[in-house]
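There are 4 protein chains.
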Amino acid sequence: MGILGATGTVGQRLVAMLEGHPQLVVTAVAASDRSQGKTFGEACVWRLPGNVPSALRALQVRPPEPPLDCDIVLSSLPADTAGPVEAQFAAAGYPVISNSSSHRMDDDVPLLIPEVNAGHLAMIARRSGRGFIVTNPNCSTIMIALALAPLQSRFGVEAGVVTTMQAISGAGYPGVASLDITDNVVPYIASEEEKIERETLKILGRVDGGGARGRPAEFPLSELGLHTAPLCPILVRDEPDRPQPRLDRDAGGGMSITIGRIARDRVLSHRFVALSHNTIRGAAGAAILNAELLAAEGYLSGMINEQ
Amino acid sequence: MGILGATGTVGQRLVAMLEGHPQLVVTAVAASDRSQGKTFGEACVWRLPGNVPSALRALQVRPPEPPLDCDIVLSSLPADTAGPVEAQFAAAGYPVISNSSSHRMDDDVPLLIPEVNAGHLAMIARRSGRGFIVTNPNCSTIMIALALAPLQSRFGVEAGVVTTMQAISGAGYPGVASLDITDNVVPYIASEEEKIERETLKILGRVDGGGARGRPAEFPLSELGLHTAPLCPILVRDEPDRPQPRLDRDAGGGMSITIGRIARDRVLSHRFVALSHNTIRGAAGAAILNAELLAAEGYLSGMINEQ
Amino acid sequence: MGILGATGTVGQRLVAMLEGHPQLVVTAVAASDRSQGKTFGEACVWRLPGNVPSALRALQVRPPEPPLDCDIVLSSLPADTAGPVEAQFAAAGYPVISNSSSHRMDDDVPLLIPEVNAGHLAMIARRSGRGFIVTNPNCSTIMIALALAPLQSRFGVEAGVVTTMQAISGAGYPGVASLDITDNVVPYIASEEEKIERETLKILGRVDGGGARGRPAEFPLSELGLHTAPLCPILVRDEPDRPQPRLDRDAGGGMSITIGRIARDRVLSHRFVALSHNTIRGAAGAAILNAELLAAEGYLSGMINEQ
Amino acid sequence: MGILGATGTVGQRLVAMLEGHPQLVVTAVAASDRSQGKTFGEACVWRLPGNVPSALRALQVRPPEPPLDCDIVLSSLPADTAGPVEAQFAAAGYPVISNSSSHRMDDDVPLLIPEVNAGHLAMIARRSGRGFIVTNPNCSTIMIALALAPLQSRFGVEAGVVTTMQAISGAGYPGVASLDITDNVVPYIASEEEKIERETLKILGRVDGGGARGRPAEFPLSELGLHTAPLCPILVRDEPDRPQPRLDRDAGGGMSITIGRIARDRVLSHRFVALSHNTIRGAAGAAILNAELLAAEGYLSGMINEQ
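Sequence order for the protein chains is A, B, C and D.
Note that the numbering used here has the first sequence beginning at 1, numbered continuously upward.
Note that the numbering used here has the second sequence beginning at 1, numbered continuously upward.
Note that the numbering used here has the third sequence beginning at 1, numbered continuously upward.
Note that the numbering used here has the fourth sequence beginning at 1, numbered continuously upward.
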């Protein structure tokens with residue numbers, strides 16, 4: 001498995017989560033110009049607790065272009081370069097599992113949350129010699145879609161009003177200047193509202209011709225034994241003051257979302273508060289879970305690097 | 001003018017804002033048992049920048065009960081003691097201007113925001129020898145009602161969905177433990193949602209029999225020359241990333257609210273972000289502005305202490 | 001093992017660290033009046049991520065007085081009650097391992113950091129039918145003494161100037177009000193400077209008559225296989241911007257301290273920056289490590305609850 | 001007066017402090033390439049509360065090179081460009097008052113704190129047709145030198161050990177990434193320790209041949225009526241928990257430093273805590289006060305723009 005954008009915030013989180021993964025082994029790391037020619041240990045200013053995983057320290061950082069010494073690629077490239085690079089890898093035969101926004105709305109690209117719309121895998125057009133792209137949604141959208149999916153499935157959801165309070169990690173590194181956010185709230189993230197609207201609709205939609213598996217929440221995910229899948233994707237708490245980020249973000253290894261304060265609402269029938277880990281369920285863990293689902297469903301057959 | 005609860009968070013803010021006020025002079029301070037028998041300078045652990053106003057340093061702290069050496073009282077007592085104490089002062093003939101929640105929903109107590117519902121002063125039953133109570137709303141409600149009033153007046157407002165992000169100052173002192181709020185969000189303040197719902201309805205409602213002045217936003221407030229009234233109670237900003245607390249909370253001396261991100265909304269027709277200073281417009285400044293309106297409208301005639 | 005003060009900040013950390021401990025099993029929890037008569041699950045407002053360990057949820061909270069259903073007690077009682085209660089337990093035959101400051105300077109009470117002054121165990125006067133008290137130092141002192149011990153042992157340390165920057169967790173719960181510490185630094189913790197001075201001197205001192213083991217850093221701790229002991233108690237980093245709390249506090253499971261920025265100093269020959277986890281190495285983990293040392297050295301023989 | 005680097009953090013603070021200044025009027029603003037050709041209102045992303053001063057909004061941003069439509073220049077250019085630009089302005093006849101570090105250690109450049117070493121103005125070699133450079137120290141050094149000056153003057157200071165806790169504003173904009181500083185302490189600012197050492201020595205030193213005025217703290221500053229000079233440059237507080245940034249940084253309009261916790265120290269005879277406002281006393285206010293001193297002492301004669 002190769003990581004595109006391995007030195008970035010989400011890239012580091014991918015690398016950390018894949019350390020010791022029973023199935024997915026990092027064999028290549030690629031990043032922008034500045035890092036190339038260095039080892040990963042030299043190129044990477046590690047910003048997570050602990051150190052760069054020792055197995056990757058001596059790996060040479062490669063340019064983000066095929067061929068790369070791997071069978072599949074995980075991409076956390078910044079939005080301004082991800083588009084053509086990911087298309088190039090797919091054209092060269094690699095399955096591309098991406099956290100970037102560039103291809104999320106493409107017709108043949110599933111916007112995938114395994115617990116919600118695994119059936120959307122049917123959107124992948126499998127052609128000989130060609131790879132494909134699978135994306136995970138925007139960090140906020142993942143939580144929103146996870147929370148709405150069972151409501152949509154059982155009751156139908158007509159409309160929702162959402163206010164997000166987002167972790168600074170969502171902006172990557174260096175992201176938001178500390179002078180701008182200390183003692184402050186910034187009510188704007190470029191394109192965020194648009195992403196949330198259109199991505200949620202795509203995820204909760206049905207794939208035409210996608211067959212029987214194309215309904216949310218009917219996919220028997222738990223039988224697949226995916227390594228990163230939480231025991232319980234949605235935790236509901238009864239205490240009036242939960243969820244709280246400090247107490248709940250790491251639930252299920254950062255892959256469970258927590259719901260609380262469910263109440264009747266005079267305007268929109270019901271309201272609730274949902275919380276999820278921004279860089280695990282909302283980014284790196286989402287991409288890895290997608291890779292695991294693809295592997296379990298046979299989309300990576302003969303492609304997973306064995307060690 | 002006497003301050004009840006003068007040593008608390010809002011009490012200190014009242015004292016600071018009244019320093020040098022052209023009309024309202026603090027002549028008495030009252031607080032709970034622990035402070036009594038001390039001077040205000042001794043009793044008060046000053047938590048605002050600067051020092052206790054020198055004119056008040058030697059004032060004896062009195063028990064919160066009539067008689068008090070003043071003609072009117074401003075109350076920032078905690079909710080658990082405000083109810084009977086304020087009623088006692090009113091019964092003893094004092095006009096009571098309160099920031100506490102105890103009497104806000106009483107039938108003969110205006111829940112007053114001068115720019116919004118000055119006409120609600122008609123709710124005061126003026127009887128010889130008796131005082132009265134005027135309250136200001138909850139800190140969130142003041143901003144919500146200020147923002148909705150012109151919309152209500154011109155277009156009518158059927159329903160709204162509100163998410164608040166509140167400053168820790170709203171909980172008073174000591175309020176929220178730092179261990180509970182650092183690196184965290186707490187999605188619950190006891191009774192807050194109920195207060196916002198019922199107080200907003202009372203403020204934006206019409207006083208039956210209140211006559212021609214009982215409509216929001218028609219009162220010629222600017223002609224009254226109230227000292228604490230901002231030039232512009234509602235500022236609208238066009239930048240996509242405003243309002244921001246650090247940049248906008250002190251607008252109009254902390255008495256203007258700032259609106260931004262006005263946009264069409266697919267679910268509820270329009271949406272926007274509003275911001276106001278929690279302890280000035282939302283508490284101390286609100287009470288002082290109410291006192292100024294009462295004075296200007298003749299409700300304190302012969303009662304204001306002249307110096 | 002019984003936990004005194006089990007519902008407090010350090011008590012909860014003790015309970016969390018002891019979950020699944022191979023040797024030390026919690027059989028009793030005691031706390032102040034308010035919690036008694038409730039189960040631990042009811043009495044404890046859990047402030048750590050996750051939930052109250054399920055094995056303890058139904059345990060009845062007992063008053064902090066002997067007899068208690070355990071062989072040894074870990075005490076994280078607040079300073080105002082710890083003194084007599086711990087003495088009472090010791091008198092009743094219990095070994096008492098305390099994080100409280102009350103008995104730290106007592107003549108027959110070791111102020112113990114296993115890696116530094118294990119030889120001080122010789123201070124314990126073992127008398128038939130009587131227990132004893134062993135304490136760990138103040139959170140800042142543990143780090144200072146750990147950092148100085150090898151310097152003292154090899155070069156001798158004449159004097160040091162220390163500035164501490166302390167986590168808010170050091171004040172317990174509710175501790176510091178958020179209004180006091182947000183956007184602020186408070187340059188004072190009552191008695192902290194005095195504790196650091198006198199405790200460091202006691203820890204780095206030699207026990208008269210304590211024999212050959214009474215020298216710091218000569219005790220073969222690693223051979224004892226203590227469960228909570230970190231592989232490396234002192235990590236030294238070369239990067240100019242380390243240690244940093246976010247990156248380094250969890251090193252060694254929170255039990256390693258990290259040193260950086262070692263440099264020659266014009267005034268005091270050398271200077272450096274040291275960092276440790278405030279509630280693990282500085283409190284709960286320190287007490288548990290002391291318990292493990294006592295067990296390994298035979299001081300708890302026949303006392304450890306076996307399961 | 002022209003401002004070099006007017007759109008930066010310190011530049012904006014300069015502009016804000018000079019609004020309504022009785023003597024110093026901004027007539028020109030210069031900044032780096034990106035801003036040129038725009039008005040100051042267009043070029044400047046205003047990061048202070050309120051808005052760009054209206055008088056400057058339509059001013060064209062100029063390149064930072066002479067000639068500039070002003071008699072003197074205030075420079076807050078970043079260190080990487082300040083050196084040659086400031087030299088160029090001085091060579092062209094402008095008095096340059098700089099907050100940048102480039103020329104601080106030059107032989108003919110006073111490193112000036114008016115209350116401490118006004119006599120160092122004697123270092124300026126006044127030659128016909130030529131300007132000169134006057135600098136203010138690093139933000140930490142200003143506070144340290146202000147605190148030490150009276151001790152040096154009365155008792156002599158042999159040595160000191162200093163630990164600084166610095167506001168994020170010291171790094172300019174965008175400065176420190178929020179991901180790096182949230183829930184964290186970074187123990188390193190490049191060159192900071194070296195600057196503090198060498199600048200403090202220069203400030204507290206005597207100018208050879210500088211004559212009778214070359215002693216710290218003997219200059220009758222208060223008689224000069226400098227607009228930005230605080231009534232009391234050093235405030236001493238007795239409370240054990242002061243100074244605190246939130247309560248004390250704005251003392252004297254941000255130009256007073258506050259000292260507390262003065263105590264005997266076993267190692268270095270005495271210790272204390274000092275606090276000052278990082279961007280006012282430590283940067284913009286320091287430069288403006290220097291300009292006012294130069295004006296009062298006749299160094300800008302015929303140069304101040306009168307309006």
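Don't read these hints as lab results, they were simulated from the structure.
Hints may be right or wrong, so weigh each one.
Which chain C residues stay away from chain B? Per the calculated CB distances, all over 12 Å, these [what the hints assert, rightly or not]:
#1 S54
#2 D180
#3 I181
#4 T182
FRET-style restraints, in silico, Cβ to Cβ [what the hints assert, rightly or not]:
#5 A:L231 with C:A55: 18 to 24 Å
#6 A:R154 with C:G253: 39 to 45 Å
#7 C:Q166 with B:R34: 38 to 44 Å
#8 A:V45 with D:L231: 45 to 51 Å
#9 D:Q166 with A:A190: 16 to 22 Å
#10 D:G156 with B:H227: 18 to 24 Å
By construction, the Cβ of each residue, glycine as well, lies at the ideal position given by its N, Cα and C atoms.
Quick rundown of the hints versus the structure:
Remark: the non-interface label on S54 of chain C is consistent with the geometry, its nearest Cβ contact in chain B lying 24 Å away (cut-off 12 Å). For D180 of chain C, the condition that its CB be more than 12 Å from all CB atoms of chain B is violated, with the nearest at approximately 8 Å. The non-interface label for I181 of chain C is inconsistent with chain B: the shortest C-beta to C-beta separation is roughly 5 Å, within 12 Å. At the 12 Å boundary, the C-beta of T182 of chain C falls inside the reach of chain B, the nearest C-beta of that chain being 6 Å off.
Checked against the hint of 18 to 24 Å, the pair L231 of chain A and A55 of chain C passes, with Cβ atoms roughly 19 Å apart. Distance hint for R154 of chain A and G253 of chain C: a CB-CB separation of about 43 Å, consistent with the stated range 39 to 45 Å. For Q166 of chain C paired with R34 of chain B, a C-beta distance near 29 Å fails the hint of 38 to 44 Å. Checked against the hint of 45 to 51 Å, the pair V45 of chain A and L231 of chain D passes, with Cβ atoms roughly 47 Å apart.
Separation of Q166 of chain D from A190 of chain A is about 31 Å and departs from the stated range, judged on CB atoms against 16 to 22 Å. Taken as a hint, the range 18 to 24 Å is violated for the pair G156 of chain D and H227 of chain B, whose Cβ atoms sit roughly 53 Å apart.
Comparing the model with each earlier hint shows violations of hints 2, 3, 4, 7, 9, 10; every other hint is respected.
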